[in-house]
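From first to last, the protein sequence lines are chains V, W, X, L, G, F, H and C.
Take the first sequence: its letters are residues 9 to 260, numbered as in our numbering.
Take the second sequence: its letters are residues 9 to 260, numbered as in our numbering.
Take the third sequence: its letters are residues 110 to 286, numbered as in our numbering.
Take the fourth sequence: its letters are residues 110 to 286, numbered as in our numbering.
Take the fifth sequence: its letters are residues 145 to 492, numbered as in our numbering.
Take the sixth sequence: its letters are residues 145 to 492, numbered as in our numbering.
Take the seventh sequence: its letters are residues 1425 to 1491, numbered as in our numbering.
Take the eighth sequence: its letters are residues 1425 to 1491, numbered as in our numbering.
It should be emphasised that the hints constitute simulated quantities derived from the structure, not laboratory data.
Since we're looking at a predicted model, the values are computed, not measured.
By construction, the Cβ of each residue, glycine as well, lies at the ideal position given by its N, Cα and C atoms.
Any given hint could be a false lead.
Claimed, not checked - In the DSBU-like style, the derived pairs of lysine-lysine whose C-alpha atoms are separated by at most 35 angstroms in a straight line are:
1) K210/W x K1427/H
2) K23/V x K371/F
3) K1427/H x K197/W
4) K149/W x K147/F
5) K416/F x K195/L
6) K11/W x K1471/H
7) K23/V x K1471/C
8) K234/W x K1455/H
9) K1491/H x K22/W
10) K1447/C x K210/V
11) K190/V x K1455/C
12) K413/G x K195/X
13) K210/W x K1455/H
14) K281/X x K247/X
15) K190/V x K1447/C
16) K239/V x K1471/C
17) K1455/H x K11/W
18) K281/L x K1455/H
19) K247/X x K416/G
20) K147/F x K270/L
21) K467/F x K371/G
22) K431/F x K431/G
23) K1455/H x K190/W
24) K431/F x K417/G
25) K234/L x K210/L
26) K1447/C x K234/V
27) K51/W x K1455/H
28) K1427/H x K22/W
29) K149/W x K210/L
30) K210/W x K336/G
31) K234/V x K234/X
32) K22/V x K1471/C
33) K1471/C x K234/V
Stated by the list, open to error - Okay, the calculated beta carbon distance ranges per label pair:
34) N486/G x G441/F: 35 to 41 angstroms
35) E50/W x P265/X: 46 to 52 angstroms
36) P92/W x R374/G: 32 to 38 angstroms
37) G347/G x D215/L: 55 to 61 angstroms
38) G441/F x E261/L: 52 to 58 angstroms
Read off the chains here:
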Amino acid sequence: MQKVFERPKALSDKKMHYCPGCTHGIVHRLVAEAIDHFGLQEKTIGVAPVGCAVLAYEYFNLDFQEAAHGRAPAVATGIKRVLPESVVFTYQGDGDLASIGLAEIVHAATRGEKITVIFINNAIYGMTGGQMAPTTLPGQKTTTSPYGRDTSRVGFPIRVCELLNTLDGPAYLARVSMHDPKNVLQAGKAIKKAFQVQLEGKGFSLVEVLSSCPTNWGMTPNQALKWVEEKMVPYYPLGVFRTPEEVSSCDA
Amino acid sequence: MQKVFERPKALSDKKMHYCPGCTHGIVHRLVAEAIDHFGLQEKTIGVAPVGCAVLAYEYFNLDFQEAAHGRAPAVATGIKRVLPESVVFTYQGDGDLASIGLAEIVHAATRGEKITVIFINNAIYGMTGGQMAPTTLPGQKTTTSPYGRDTSRVGFPIRVCELLNTLDGPAYLARVSMHDPKNVLQAGKAIKKAFQVQLEGKGFSLVEVLSSCPTNWGMTPNQALKWVEEKMVPYYPLGVFRTPEEVSSCDA
Amino acid sequence: MTHEIICAGFGGQGVMLIGQLIAYAGMVEGKNVSWVPSYGPEMRGGTANCSVVVSDEPVGSPVISEPNGVIAMNQPSLERFLPVVKPGGVLVYNSSLITMKETRDDLHIIAVPANELATELGNSKVSNLVALGAFLQKTNVVTADGIEKALEKVLPPHRHKLIPLNLEALRKGMALV
Amino acid sequence: MTHEIICAGFGGQGVMLIGQLIAYAGMVEGKNVSWVPSYGPEMRGGTANCSVVVSDEPVGSPVISEPNGVIAMNQPSLERFLPVVKPGGVLVYNSSLITMKETRDDLHIIAVPANELATELGNSKVSNLVALGAFLQKTNVVTADGIEKALEKVLPPHRHKLIPLNLEALRKGMALV
Amino acid sequence: MEKIMMKGNEALAEGAIRAGCRFFAGYPITPQNEVPEYMSRRMPEVDGVFLQAESEVSAINMVYGAGGAGCRAMTSSSSPGISLKQEGISYIACAQVPCVIVNVARGGPGLGGLTSSQADYFQATKGGGHGDYRLIVFSPGTVQEMVDLIGLAFDKADEYRNPAMILSDAIMGQMMEPVVLPEMRDLQQINKPWATTGMKNRGQNLINSLGLLPEDLVRINQELQEKYKRIEANEVRYAVEDVDDADLVLVAYGTSSRIARSAMGLARKEGKKVGLLRPITLWPFPKQPLADLAAAGKRFLVVEMSVGQMVEDVILAVNDRSKVDFFGVPNGAVPTVRQVYNRIMEIL
Amino acid sequence: MEKIMMKGNEALAEGAIRAGCRFFAGYPITPQNEVPEYMSRRMPEVDGVFLQAESEVSAINMVYGAGGAGCRAMTSSSSPGISLKQEGISYIACAQVPCVIVNVARGGPGLGGLTSSQADYFQATKGGGHGDYRLIVFSPGTVQEMVDLIGLAFDKADEYRNPAMILSDAIMGQMMEPVVLPEMRDLQQINKPWATTGMKNRGQNLINSLGLLPEDLVRINQELQEKYKRIEANEVRYAVEDVDDADLVLVAYGTSSRIARSAMGLARKEGKKVGLLRPITLWPFPKQPLADLAAAGKRFLVVEMSVGQMVEDVILAVNDRSKVDFFGVPNGAVPTVRQVYNRIMEIL
Amino acid sequence: MAKIDINEERCKGCELCVHACPKGILALADKFNNQGYRPVEILDAEKCIGCAFCARMCPDVAIEVYK
Amino acid sequence: MAKIDINEERCKGCELCVHACPKGILALADKFNNQGYRPVEILDAEKCIGCAFCARMCPDVAIEVYK
Ligand SMILES: Cc1ncc(C[n+]2csc(CCOP(=O)(O)OP(=O)(O)O)c2C)c(N)n1
Ligand SMILES: Cc1ncc(C[n+]2csc(CCOP(=O)(O)OP(=O)(O)O)c2C)c(N)n1
Ligand code: SF4
Ligand code: SF4
Ligand code: SF4
Ligand code: SF4
Ligand code: SF4
Ligand code: SF4
Ligand SMILES: [Mg+2]
Ligand SMILES: [Mg+2]
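One chain only, chain V, in its complex shape (with noise of 0.2 angstroms):
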């Protein structure tokens, strides 16, 4: 018998923080396969975020900076200009990158910048308690939405790969989702040309990723998969939004 599936090098021996059935942990598994993958982990750096995964450090055998509050593309940038070479990731929930970071977003890739984002977008502030986010879908409860999100009063959710692809800069957009089984390795494969793109220096490439937080929605884990499967992927609808022509096919 053969290990098929094992745990990946660039992940850390630590346990993770985050909730039960808390989407995060699958993605960091995602991303930490996809530098196995290229064997990257001499040449990465990640750069952590504010949110449930500030954090991340911990888990990820590589050197990593914690970013300020939606700044990690302003970071990442200063590596990567500085150390050409390397493969520079930033890993970013949505009040991080769609929020108080959308101008460091959104700048980061017109200009090109050739580091690759994985953007959780979970409807929801998660590490501060369950705040709305700029992704809450229309009518949905938070904190700060107690009645449900009122869009004629604090207005509708961003859409951020169909933003960014507006811009020239981008090479490669895609919205992946953890629903399911099926989905996750969808979402391996997006995220390994994420970092394909990167060191074929394409450009930007950034992989927005539907995930859960069961704690903040008041639902189980499995509730939360139905919901982001009913709910979000609806609204978020999945799919390449950009892709270079000329990457070479990723035999991932």
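Given the coordinates of chain V, work out where chains W, X, L, G, F, H and C with the ligands should sit on it, guided by the hints.
Below, chains W, X, L, G, F, H and C with the ligands alone, put in the same frame as chain V:
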């Protein structure tokens, strides 16, 4: 003989400090005409940017607030939310709106904030002496892109209307140009429409105005308008990107 | 008299609630009171505690480093707070989940099989109230009546139906001492 | 000896340049020097001036409030600086654009029809050098040789072809005094 | 009047609403999340505006707009978020827009941690943004004062057309104590003829912080400085306890004043003559009372949850007429009563 | 070595490059635009990186990234832009990322004006961002020092793994003076084993400012404070002129030290014994030299382009052993030599 | 019959009106105004058709048109 | 032949693997681990087809699969 063209009431008597041939002045007139047209002088509050138009409050005969660089949409939000019956507009340059203030404009737009934004795209930082703007064209020389904007290093211009058009919040988005009398007329109509959309409570409205900066472009005012027509218009296509179906037709 | 009490346990064991109940009851009974929570870095789970002061005088420091009363609901909490209780103080611990490794003979230490007793009542979630009962019986910081009034204030209306069960658990704990 | 000089005029009249030339020439001639610009709020046009210090001692304040030399190229500049020149100081003004309304008898005041003289040389843009020539002839702050060397440093290479014209203008101004 | 138990953050929020706050813009950050969360529930009930801004930068500028339009407006945050607001605060101070800014401070620097801190004292009282401006800074010592001082902050902000700050901390924000809430304030009484509400029957109103001509900027700054002098003359607030017979006066605010008070209690039990001066306004700082106590021969022990910030103002006030000692802890730690007591016993 | 005339801002930029700066991120703002403009021309020539960031907030965070990756990195701005960087500065200080931040200060508060200012002293030396952190703050008094001190700033930043700041002002940035430029520095010598460069042949490197466990945050802060003590012990820099026989010592930095020097010259001509102490590091502040002069019986006159900020540090240093007078101007104005001279004559 | 009215003191001599006029009847004058600019003037007033192109392009709103 | 290996100490009992397993052979155990969670266990090891759906859905990377 009848006066068929006169100075609008909403403009003050002060001489403007703009350079000779700078189209900021034309846009001021168009905004003032829209205010006169709808009789809004007593209920309008303007928000001035940091940029060449920082002194806009001297030229308009209206209540004004002067915002920090890039933050006019946030300031306007504060005003409009506490005075919902008033008419609130911002007047912002491309550095102000599309660089430092990008998060603020996108979020005001996605919130569907019922304000009107006049966005002066002159492909440069005018006030500070001609640095590169997010809208500076590829190859364009500025004081911070002295060898011409190199897209492989600093990326691509942002098309603001297209970017905002991915959001559900905006009610009216249009791009117009100042390069000849016909287009100026068109621009005046778009600006009136934008105010009308606000008056009818339809939501966020923005008019992007392709403008000239003869001083920092190093051209005569007339050459500068030719450059707008020949270089900018092809990169920034004119037109209405979003319009509320239900808005009653503008008799302007 | 000033009571300085720490209630500690896993998140989810209801230690914050019993701390608030003591404080609220103290207020109802005319005392000066304060309550301060302290959370660990975990999102969910992990250990949490709160400091409660009930006093005849105005409350000085709401943060307690040397409590004279401790309710410890899990092992890490016991280990952390056992050494700092003031001599002569009262320590109630949940013997359902805690094994006492070291002890102190200058304290009143009370073992309460809170989970078992709560399960006997049909709901393991009220183990906190059982422990609280034992603590109050020993210390008289506040009365059971006070706790009853506090429950009405502290629990949100849709959970008021649980008040009788909570009071039953409280009495079960009191009966232990 | 410390020379504290203000050169003032409309933006575009080249007052910043003549200030820099004095400073540069001073440096070349072994003096301590400084140059500080001051712009009005206008984007283009409006009035601008610069303060130049040329001294045998280390320069203290680079900002001058009581100059002992002034070159005024337009009316607003004359009006602003005439009152503050130190007694015994030198004031050169561009009489092509300025009408002297009030005067002072404790100064050396020199009227230079700078625009006319420059136009005689075929380029009204060198009126600044004409005024500078007059000023230097009177004050001897730096030499014409110094200015020549300074022109090579201060003008960008593609404008070096204008150096002869500038020197001609300088000498035309010097000849006036 | 009924006493109820409330968390400091919620009491502050309710206190703001009762003081007439009708615009709140904020951004989530621990340990002040109860403020925006409370506002999100409560503002719709009083026809007020709650907005979760896209960032702290945006929030402070929304408050500029709303405050400039005449509304009682407020934002709240915690240390890193307050740092982001510094440009906006400098603008607001210069443009003389009344509003209230709440800092429920946490451990720093950087991302820091969620513990309590008083290391933002300098930022609140002197540094912070650019330029010579001042905030009126209140520091609550009880949950009741969270309610009372936020009301006062709104009043003083309007009276002086100056931003006011509540400098609180994680413990104050998270703790529950009994409070008595004031009545809902009548909003009609607040008249703001300078506000930008549209130029109906009057000339232009302008909210502005620009002085492009040097003489304009001088005038703006002179006006500000004159106002600050008036505030310094009239608005110093502090509380003293047991200072009359004291040999040693503890100086502490907010959470550390509570700890200092307990330590004082212990020391008094040992017969040591210890008193407490608690600044309630951190700016204007109670210089004169301290100078007077120094003149009366008392020594001082400053207690802070920082490595020493307010202590400089105490020294400046006392100005070598008396000895000033200091006890502080690095962020992450909270001084214990025992530590402060030990320090007192060392000194006396 | 050849003397050339350079603008302060350009001299600073060239000085940075010669000191090994290979990453610059900035955002346009008057009166420091010459810095990014110069960098945009020059960086490509030395294989360095020039980036015009989308904002000051982004610029400081780019510098965090580049500095953390081991590069000599720098940003520059002016007052309002520096306010926006405060969160980032606090992070950088806590994460101990060496880098240089330049403030070519202008008139404030708010949007203010384009005149010179020294009203950001508090922000640079104490307040600014949240938490107990310090920058090493240098204040150039000549264009030559713009060159020299930026080189020193990079060295000290690396030596202590601490951000350094150049606190200059509009006049210093805009003025031209003769300078001698140093040779281009050899970059190979700078070894940064802590930098995040990929974990080749070593364990994980981490650039971080988080201390989620209270004990971690305490440890971080203790480490910082110990470092600050070392800096205070070793890095104080100042210049004195004619203090030996002086009755009155002027204390001033940057542009105002130049004005003070001229006024001193006038007063000396009148036979008044006046000297000058010019702090070159604003933090660490030259406390001891001032205390020594006070002990020697000298009086002080502090001259600032603000309504009074550094004067507090002078008083704290002198601590009532001697009299400290103050002459300042509100932002918008520049003190004239005559005004300072008159003040001297009033005192003596 | 049409006529334009040029406010010489507001004019900055930018010539945008000159290029906009379909009749080509505008040009800079040979004098300077108090702002230091050469203001525009109408060469052949008779030919003006009152189209207001000049006014519409004037950044300084220095032209009024009658018809 | 296939087999999975569950790291009980990492497991948080979230049951995502339970729902993901096409064979329905995973369930929470009746004991607690040191983290205080009920870890998952395999009920009918024989039926495992080694599809790794369980492992792929496990946020705590607590499952390894052999085939
Ligand atoms: C400047 C600043 N503002 C706010 C915060 C508080 N904060 C921490 S995490 C967070 C948001 C987290 O939400 P998200 O980015 O969606 O990540 P998630 O936790 O959902 O994974 C916020 C607002 C902060 N640390 N710094
Ligand atoms: C926080 C801050 N950063 C930078 C500046 C300097 N600044 C003034 S105007 C301006 C940009 C102006 O460009 P734009 O917005 O395009 O307006 P324009 O002048 O071209 O009309 C900048 C960067 C400032 N005042 N404040
Ligand atoms: S709070 Fe939500 S996002 Fe954060 S760890 Fe828990 S489940 Fe995951
Ligand atoms: S600098 Fe450019 S944008 Fe600014 S006033 Fe002059 S021409 Fe207009
Ligand atoms: S109105 Fe028309 S025709 Fe007459 S001057 Fe103006 S542009 Fe020319
Ligand atoms: S367009 Fe206006 S400012 Fe320009 S030349 Fe014509 S009248 Fe003068
Ligand atoms: S490998 Fe497949 S069949 Fe086996 S336990 Fe896991 S999910 Fe079930
Ligand atoms: S998915 Fe992982 S953590 Fe969740 S129950 Fe299964 S093994 Fe345990
Ligand atoms: Mg999230
Ligand atoms: Mg522009």
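Status of each hint after checking the structure:
no. : hint                                : result
1   : K210/W x K1427/H                    : 41 angstroms, violated
2   : K23/V x K371/F                      : 33 angstroms, holds
3   : K1427/H x K197/W                    : 25 angstroms, holds
4   : K149/W x K147/F                     : 31 angstroms, holds
5   : K416/F x K195/L                     : 23 angstroms, holds
6   : K11/W x K1471/H                     : 18 angstroms, holds
7   : K23/V x K1471/C                     : 29 angstroms, holds
8   : K234/W x K1455/H                    : 28 angstroms, holds
9   : K1491/H x K22/W                     : 27 angstroms, holds
10  : K1447/C x K210/V                    : 43 angstroms, violated
11  : K190/V x K1455/C                    : 31 angstroms, holds
12  : K413/G x K195/X                     : 17 angstroms, holds
13  : K210/W x K1455/H                    : 51 angstroms, violated
14  : K281/X x K247/X                     : 13 angstroms, holds
15  : K190/V x K1447/C                    : 16 angstroms, holds
16  : K239/V x K1471/C                    : 34 angstroms, holds
17  : K1455/H x K11/W                     : 27 angstroms, holds
18  : K281/L x K1455/H                    : 27 angstroms, holds
19  : K247/X x K416/G                     : 34 angstroms, holds
20  : K147/F x K270/L                     : 24 angstroms, holds
21  : K467/F x K371/G                     : 27 angstroms, holds
22  : K431/F x K431/G                     : 23 angstroms, holds
23  : K1455/H x K190/W                    : 31 angstroms, holds
24  : K431/F x K417/G                     : 34 angstroms, holds
25  : K234/L x K210/L                     : 26 angstroms, holds
26  : K1447/C x K234/V                    : 19 angstroms, holds
27  : K51/W x K1455/H                     : 43 angstroms, violated
28  : K1427/H x K22/W                     : 24 angstroms, holds
29  : K149/W x K210/L                     : 46 angstroms, violated
30  : K210/W x K336/G                     : 30 angstroms, holds
31  : K234/V x K234/X                     : 28 angstroms, holds
32  : K22/V x K1471/C                     : 31 angstroms, holds
33  : K1471/C x K234/V                    : 26 angstroms, holds
34  : N486/G x G441/F: 35 to 41 angstroms : 40 angstroms, holds
35  : E50/W x P265/X: 46 to 52 angstroms  : 48 angstroms, holds
36  : P92/W x R374/G: 32 to 38 angstroms  : 35 angstroms, holds
37  : G347/G x D215/L: 55 to 61 angstroms : 46 angstroms, violated
38  : G441/F x E261/L: 52 to 58 angstroms : 54 angstroms, holds
Of the numbered hints stated above, those contradicted by the structure are hints 1, 10, 13, 27, 29 and 37, listed in ascending order.
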